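Read top to bottom, the protein sequences are chains E and P. Everything in the first sequence is counted per our numbering, starting at 117 for the first residue and increasing by one. Everything in the second sequence is counted per our numbering, starting at 117 for the first residue and increasing by one.
To be clear, the hints were calculated from the coordinates, so they are not data collected in a lab. Please read all numbers here as calculations on a predicted model, not as lab measurements. Hints are not guaranteed to be accurate.
Unchecked claim - Derived EDC-like pairs (lysine to aspartate or glutamate); straight-line CA-CA distance at most 20 Å:
hint: 1; chain 1: P; residue 1: LYS228; chain 2: E; residue 2: ASP186
hint: 2; chain 1: E; residue 1: LYS196; chain 2: P; residue 2: ASP186
hint: 3; chain 1: E; residue 1: LYS189; chain 2: P; residue 2: ASP153
hint: 4; chain 1: E; residue 1: LYS196; chain 2: E; residue 2: GLU164
hint: 5; chain 1: E; residue 1: LYS189; chain 2: P; residue 2: GLU124
hint: 6; chain 1: P; residue 1: LYS257; chain 2: P; residue 2: ASP153
hint: 7; chain 1: E; residue 1: LYS228; chain 2: P; residue 2: ASP298
hint: 8; chain 1: E; residue 1: LYS249; chain 2: P; residue 2: GLU268
hint: 9; chain 1: E; residue 1: LYS228; chain 2: P; residue 2: GLU310
hint: 10; chain 1: P; residue 1: LYS257; chain 2: P; residue 2: ASP298
hint: 11; chain 1: P; residue 1: LYS271; chain 2: P; residue 2: GLU310
hint: 12; chain 1: P; residue 1: LYS196; chain 2: E; residue 2: ASP186
hint: 13; chain 1: P; residue 1: LYS228; chain 2: E; residue 2: ASP140
hint: 14; chain 1: E; residue 1: LYS189; chain 2: P; residue 2: GLU193
hint: 15; chain 1: P; residue 1: LYS189; chain 2: P; residue 2: ASP153
2 protein chains.
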Amino acid sequence: MNREQLIEQIKIKKSFLCVGLDTDISLIPKFLLDFEDPVLEFNRQIIEATHDLCIAYKPNSAFYESRGIDGWKSLIETSKHIPSTCLGIIDAKRGDIGNTSSMYAKAFFDPKSSGMNFDAITIAPYMGSDSVKPFLAFENKWVILLALTSNEGAKEFQFIETGANRLFEQVILTANSWAGNDRMMYVVGATREEEFKAIRKYAPDHFLLVPGVGAQGGSLADVCRYGLSKSCGLIVNSSRSIIYASSGEDFAQRAREEAKKLQSEMEILLKGVDF
Amino acid sequence: MNREQLIEQIKIKKSFLCVGLDTDISLIPKFLLDFEDPVLEFNRQIIEATHDLCIAYKPNSAFYESRGIDGWKSLIETSKHIPSTCLGIIDAKRGDIGNTSSMYAKAFFDPKSSGMNFDAITIAPYMGSDSVKPFLAFENKWVILLALTSNEGAKEFQFIETGANRLFEQVILTANSWAGNDRMMYVVGATREEEFKAIRKYAPDHFLLVPGVGAQGGSLADVCRYGLSKSCGLIVNSSRSIIYASSGEDFAQRAREEAKKLQSEMEILLKGVDF
């Protein structure tokens, strides 16, 4: 899915919601354990119930890897259920020297090699450009680079002063030379005005993937007040508050209701965007 | 394997060699393709031929992930063939928020969960302490944190001046407060004297995992001149020059010969260490 198609989906669905598939087999409704692949069945039903309300799905690779072969199978099959009207993001935080990053790119972008055909992948920036470029070598695929994360430990390195900029600003400034806003997004776990202003200074119309709205307590209105760009420029993720809205047989319906609440709020906030 | 046991293995084997299992199915001897799991058979024979000459094996996760389910199976089965006299390092470059890093830790450290029981994992530092601590919550397991990598792009962020230090030095200084040299190692792709001196200033007796000796052209003598500590403090990796020494039926024997050359050089260099 390219940038035009992504913006088109945002307009059609009046939503910039990403549903995070951080699917923990110990947290899904118990009746699903009778299925051959309970995690896949959970994800399948969540996708079926929400795909007209969101523009992206983001499986978190760790939750699948933790279950060994069974988890990897669930991830591959889940990836096949993400409809073409939604961006498929694999949250994998990879990054290594060139020939190794090429292998990671094959793992998530090349269905002939691995069975998976995601549109985008989250990448850690520490190893620099040659750790990122092998992902950009795949046409029509996106790199979503970690810039400013939402966790407590983010402060330890990302806010370090590096002369004119803090490290997270320097990462964006440097990475802007690797690809344009049609191939690169940034992970931005900010909610404070000052941080969004700093990011929008260097990435005025890039898409930003914002985690942590919902169960983790971020405010959608605050994110939008400071983060919306002229092309929307936001993909806001919510995982637990949607997928674990109920632990009963109504889990998919309840997930839809939670997604609908966020989509409705987004619809109002998008009125400020002059597409 | 704890620090004492690792040092004991270095003394017994007169070696601080790590064999990198960057096993690419397109590069292994063709006759192995008749086996049910050619990559596993290759790794099994490499391990059988070299385990008395090295103190660690390091599968590179990307090479396995790129092959989907088949690759993940090869990785899990390979992990079971690493003998207890060698440190099992999974080169995975992971790191995410706390609950996600806990899942990655289960993936590689908890055999009941995933089938894998590695001793150590490589981790990217960008997200800070809470992305690393879940790995340290597993007793007797090691974190090998990226500090200074050997690739060209390393310069873009790792050498940034951050006040008193460059970023790679600041990473070591900060991470030293998360765990001692009995739980934490650093990835150091340095060969230059000045860089090793900078690293040994903050990590005087930590083990450093040094990639790139052999096919990638680093000099073992240089690494040792500047990097050896009073407890050895080095694990030097070689991948391609060992595992792809021959593409014929003699591949394991030729791998042994290459490993023996490095071990012999290491034996001489270790005479300078007063264990």
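Structure-based check of each hint:
no.: 1; hint: P:LYS228 x E:ASP186; result: 13 Å, holds
no.: 2; hint: E:LYS196 x P:ASP186; result: 18 Å, holds
no.: 3; hint: E:LYS189 x P:ASP153; result: 18 Å, holds
no.: 4; hint: E:LYS196 x E:GLU164; result: 13 Å, holds
no.: 5; hint: E:LYS189 x P:GLU124; result: 40 Å, violated
no.: 6; hint: P:LYS257 x P:ASP153; result: 28 Å, violated
no.: 7; hint: E:LYS228 x P:ASP298; result: 42 Å, violated
no.: 8; hint: E:LYS249 x P:GLU268; result: 12 Å, holds
no.: 9; hint: E:LYS228 x P:GLU310; result: 45 Å, violated
no.: 10; hint: P:LYS257 x P:ASP298; result: 9 Å, holds
no.: 11; hint: P:LYS271 x P:GLU310; result: 15 Å, holds
no.: 12; hint: P:LYS196 x E:ASP186; result: 18 Å, holds
no.: 13; hint: P:LYS228 x E:ASP140; result: 16 Å, holds
no.: 14; hint: E:LYS189 x P:GLU193; result: 16 Å, holds
no.: 15; hint: P:LYS189 x P:ASP153; result: 9 Å, holds
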